[in-house]
Amino acid sequence: MTNTKADIKAVSKTARGNILAKLKAEVSGADYDKLPEEVPFNYPEFSREENLAQFISELEKNHAQVIKTTKANMASVISEQLKALNITKLLYGENDEHSEVIAALDSKIDLQTYDFSIDNNKERLFNECPAALSSSRCSIAATGSIVLWPDENEPRSLSLVPPVHFVIVDANELYADFTSLIKAQQWQDKLPTNVVLVSGPSKTADIQQTLAYGAHGPKALIVLLINI
Amino acid sequence: MKHIIEEESKYAASAKAFRANVARDLGNEELRSNFRGAMDYLMDKRKSAFSSEDELEVLREQCKLIKQRCLAKLPHLLEQLEGNLERNGIKVHWAETITEANEIIAQLIADKKGSSVVKGKSMVSEETALNDYLEERNVECLESDMGEYIVQLAKEHPSHIIMPAIHQNKKQVAKLFADNIEGFEYSTDVDTLIQQGREVLRNKFCQADVGISGVNFAVAETGTLCLVENEGNGRMCTTIPDLHIAITGIEKVVEHLSDVPPLLSLLTRSATGQAISTYFNMISSARKPGEKDGPQEVHLVLLDNGRSQAFADEELKQTLQCIRCGACMNHCPVYTRIGGHAYGTVYPGPIGKMVSPHMLGLEATTNLPTASTLCGACGEVCPVKIPIPKILLRLRQESVKPKSQQPEVMKGQGAGRSSVEALIWKVWAQVHKSPTMYALSMWGLTRFRFLMPKKLGGWTSVRTAPKPAATTLHQRVKAKQEKAKQSQQERG
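Sequences listed follow chains A and B, in order.
The first sequence runs 1 to 228 under the numbering used here.
The second sequence runs 1 to 492 under the numbering used here.
If you are wondering where the hints come from, they were derived from the structure by calculation, not from laboratory data.
Keep in mind that a hint or two might mislead.
[To be verified] Partial selection, computed: residues in chain A whose CB lies under 7 Å from chain B:
1. Lys-24
2. Ser-28
3. Glu-38
4. Pro-40
5. His-98
6. Val-196
7. Ser-199
8. Lys-203
9. Ala-212
[Stated by the list, open to error] Here are the simulated lysine to aspartate or glutamate pairs, EDC-like style, with alpha carbons at most 20 Å apart:
10. B:Lys-73 x A:Glu-38
11. B:Lys-64 x A:Asp-33
12. A:Lys-34 x B:Glu-61
13. B:Lys-288 x A:Asp-151
14. B:Lys-317 x A:Glu-26
15. B:Lys-64 x A:Asp-31
16. A:Lys-190 x B:Glu-86
17. B:Lys-385 x A:Glu-37
18. A:Lys-190 x B:Glu-221
19. A:Lys-219 x B:Asp-191
20. B:Lys-385 x B:Glu-86
21. A:Lys-22 x B:Glu-408
22. B:Lys-64 x B:Asp-313
23. A:Lys-13 x B:Asp-111
24. A:Lys-22 x B:Asp-111
25. B:Lys-288 x A:Asp-115
26. B:Lys-73 x A:Glu-26
27. A:Lys-24 x B:Glu-408
28. A:Lys-34 x B:Glu-255
29. B:Lys-64 x A:Glu-37
30. A:Lys-9 x B:Asp-111
31. A:Lys-9 x B:Glu-79
32. A:Lys-122 x B:Glu-199
33. A:Lys-122 x A:Asp-110
[Said to hold, decoys possible] In silico negatives: residues of chain A with every beta carbon more than 10 Å from chain B:
34. Gln-65
35. Val-66
36. Ala-84
37. Leu-85
38. Glu-97
39. Glu-100
40. Lys-108
Virtual Cβ for every residue (Gly too), placed ideally from N, Cα, C.
With the sequences and hints as input, model every part of the structure.
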């Protein structure tokens, strides 16, 4: 390779100058106060029940499994589901806010805490973690989307690499649509490293428009819906 | 105007061969049936995705205005985006040409001593032919979107921007996997095929040291890169490897985070009829201290490659409103019949015919804007209301406009100009300007119509040659009027 770090820095600097100069020449003198008004579509207001029904129906259309449960029952629901899937291991986040759920899980389940850096543990994450449990920040009714807000305790790959993903969703944190959610929580002020909207298990229709689930991410998304 | 397309993209040659490509692909029945099936499916999906025409229309108008506002402020938004990304620890690089973009990416990989790349779907990296560039430098580059993976195994290019492998059916994919995947258990069952692909690619995600992705929206206000996908490979590429490099065109920047929801909603519904994609991934930073995963370094490469040329013309600027949903292809009668490869360009179909001339110059793409029936379907379905047929007409004009005519709007202006054609139209215009000349020409045409040649090049290869009538329309109307007058007089 002939380039050096200094070269690409120079290339980029020159390119930046040229591109911006060209673009600026075209917009000089533009009056941004005179832009036409952007009118959004007025969606009808829905009740809590209607939003919940819409949320569940969209998720199920996308092959997610939605289980209505309570915080008290959650451990037994997860234990049963794991048993039915023939899975004996569960990966979960460190300092899990649902620690009482974890504590109440079937004692036969091999609990794995995500207390390691991914750097030297990729093989382990990919090959030895068949299922994971994560929390969620909130959700969106219109599209059946669950908002994951990964952090130090629940890393990004927790909800991505294990083939089965259990996610706890609080019905009290349901928003009508993405627009109202961003507005209500003022997301523009502070976004974390990564936010993901998840609306079903991983899928693809890349071969002859035939839907297949479990393309790269989780093959199963099991939603544990509480506080209904 | 100084043009900076110094070296030709490999797509220039294949775009020049457009006519031969069309002849080849129109004769391929399997290919045509694959496209017909896929386009019918996608059109149906889109149709059922909107609650009402009213919602669709309001959203289209809103999104058009959002994109036009963002373009009106483009240079300022790019600077704001850069500032916010750098503040979040994401390095920003700029490239005017595809070679510059490739050089930057290759160097970033070399700096980290990377040797194995997994790629999420990125049409801009197709535009730069990044895979070829990296492989020449001994960096293994694996496409991880299922469609892109299939296309890469087949040593082909995507034939559709959303569904790259729609030109292949499941039998063809099964054969491809059998030829390329060690230990493949032969099956034409789609689930089985995907699961076997999954196994191969999961190993690669685990081992790769670099992830490369595209960007659907880059939010200036927050410094956030947004990716839309269903498979999870985009999340893998941007989460697992140590180094993440995103590449995108300069037109992908939006001003506010609140601009994203309406655009996202129109994008997925126009593309595949989904209310939302399975994953909507928003990246605002590299791994922060204390975080256990995510890349240590994130870079964004902003590519011009002809976009600033389109930006400089009020009408052609609308090309940059495109959010790459592919609806114009799905509804295009020409695309459905000739398929995506015939165009010879990275972006096929109506959108390809609009953007490729800016990327490759009109010399290589002069045929593309003419490959349209101007039926208007693309313009009607475009979620951001780009007047595609009008822009295609404009590009046709640019391609025959004399080179000397100022201002020079684009590279290759006048490349399609033929002196014979220009002369014919000049004479035609003269004849139609003068009543005497017109009458004289009609007199000649009706009398010497037997001199009309039977063969007229391409026109008569599938049609009979036109023959002037024995009498002109004027003469016939006149005769009819006289006859009517006569019979009236007789009756009277």
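To see whether the hints hold, each was checked on the structure:
About 5 Å separates the beta-carbon of Lys-24 (chain A) from the nearest beta-carbon of chain B, less than 7 Å, and the hint is met. Hint on Ser-28 (chain A) is violated. Least Cβ distance to chain B is approximately 10 Å, over the 7 Å limit. Against a cut-off of 7 Å between C-beta atoms, the interface hint on Glu-38 (chain A) holds, since the closest Cβ of chain B lies about 4 Å away. Here the hint on Pro-40 (chain A) is kept, as its CB sits about 6 Å from the closest CB of chain B, short of 7 Å.
Because the beta carbon of His-98 (chain A) sits about 19 Å from the nearest beta carbon in chain B, more than 7 Å, this interface hint is broken. At its closest, the beta carbon of Val-196 (chain A) sits 5 Å from a beta carbon of chain B; the interface hint therefore holds under the 7 Å criterion. Among the interface hints, the one on Ser-199 (chain A) holds; its C-beta lies about 5 Å from the nearest C-beta in chain B, closer than the 7 Å criterion. The criterion of a C-beta within 7 Å of any C-beta in chain B is met by Lys-203 (chain A), whose closest approach is roughly 5 Å, and the hint holds.
Taking 7 Å as the C-beta cut-off, the interface hint given for Ala-212 (chain A) holds, the closest approach to chain B being about 4 Å. For a cut-off of 20 Å, the pair hint linking Lys-73 (chain B) to Glu-38 (chain A) stands: about 16 Å separates their Cα positions. Of the pairs offered as hints, the one joining Lys-64 (chain B) and Asp-33 (chain A) holds, with about 18 Å between alpha carbons and a cut-off of 20 Å not exceeded. Our distance criterion of 20 Å between C-alpha atoms is met by Lys-34 (chain A) and Glu-61 (chain B), whose separation comes to about 17 Å.
With a CA separation close to 10 Å, the supplied pair Lys-288 (chain B) and Asp-151 (chain A) stays within the 20 Å bound. Using a Cα cut-off of 20 Å, the hinted pair Lys-317 (chain B) and Glu-26 (chain A) holds, with the two alpha carbons roughly 11 Å apart. As the CA atoms of Lys-64 (chain B) and Asp-31 (chain A) are separated by approximately 18 Å, the hinted pair is consistent with the 20 Å bound. For a cut-off of 20 Å, the pair hint linking Lys-190 (chain A) to Glu-86 (chain B) stands: about 15 Å separates their Cα positions.
Taking the CA atoms of Lys-385 (chain B) and Glu-37 (chain A), the gap is about 16 Å. The hint holds against a cut of 20 Å. Between Lys-190 (chain A) and Glu-221 (chain B) the alpha-carbon distance is near 10 Å, which keeps this suggested pair within the 20 Å criterion. At roughly 11 Å between alpha-carbon atoms, Lys-219 (chain A) and Asp-191 (chain B) fall within 20 Å of each other, so this suggested pair holds. At most 20 Å may separate the alpha-carbon atoms for a hinted pair to count; Lys-385 (chain B) and Glu-86 (chain B) exceed this at roughly 33 Å.
At roughly 15 Å between alpha-carbon atoms, Lys-22 (chain A) and Glu-408 (chain B) fall within 20 Å of each other, so this suggested pair holds. Restraint check for Lys-64 (chain B) and Asp-313 (chain B): satisfied, since their Cα atoms lie roughly 17 Å apart, inside the 20 Å limit. Among the hinted pairs, Lys-13 (chain A) with Asp-111 (chain B) is consistent with the structure: their alpha-carbon atoms are about 19 Å apart, no more than 20 Å. Of the supplied pair hints, the one linking Lys-22 (chain A) and Asp-111 (chain B) is violated, its CA atoms being roughly 31 Å apart against a limit of 20 Å.
Taken as a hint, the Lys-288 (chain B) and Asp-115 (chain A) pair is honoured in the structure, with Cα atoms around 16 Å apart against an allowance of 20 Å. For the suggested pair Lys-73 (chain B) and Glu-26 (chain A), the alpha carbons sit about 10 Å apart, so the restraint of at most 20 Å is met. Restraint check for Lys-24 (chain A) and Glu-408 (chain B): the C-alpha separation of about 19 Å stays at or below 20 Å, so the hint holds. Of the supplied pair hints, the one linking Lys-34 (chain A) and Glu-255 (chain B) holds, its CA atoms being roughly 16 Å apart against a limit of 20 Å.
With a C-alpha separation of about 11 Å, the suggested pairing of Lys-64 (chain B) with Glu-37 (chain A) holds against the 20 Å cut-off. In summary, the hint linking Lys-9 (chain A) to Asp-111 (chain B) is supported, as the alpha carbons are separated by about 13 Å, within the 20 Å threshold. With a CA separation close to 17 Å, the supplied pair Lys-9 (chain A) and Glu-79 (chain B) stays within the 20 Å bound. A C-alpha spacing of about 15 Å is found between Lys-122 (chain A) and Glu-199 (chain B), which places the hinted pair at or below 20 Å, so the restraint holds.
As the CA atoms of Lys-122 (chain A) and Asp-110 (chain A) are separated by approximately 19 Å, the hinted pair is consistent with the 20 Å bound. Consistency note on Gln-65 (chain A): stated as away from chain B, and its beta-carbon is indeed over 10 Å from all of that chain's, at 15 Å minimum. The claim that Val-66 (chain A) lies off the interface holds: its Cβ sits roughly 15 Å from the closest Cβ of chain B, which is beyond the 10 Å cut-off. Its beta-carbon lying about 20 Å from the closest one in chain B, Ala-84 (chain A) satisfies the requirement of being farther than 10 Å from that chain.
Against chain B, the non-interface label of Leu-85 (chain A) holds: every CB pair exceeds 10 Å, the least being about 16 Å. With 10 Å as the threshold on Cβ separation, the claim that Glu-97 (chain A) sits away from chain B holds: the shortest Cβ distance comes to roughly 17 Å. Chain B leaves Glu-100 (chain A) outside its interface by the beta-carbon criterion, the shortest separation being 23 Å against a cut-off of 10 Å. No beta-carbon of chain B is positioned within 10 Å of the beta-carbon of Lys-108 (chain A); the least distance is around 27 Å.
In this structure, the hints that do not hold are numbers 2, 5, 20 and 24, in rising order.
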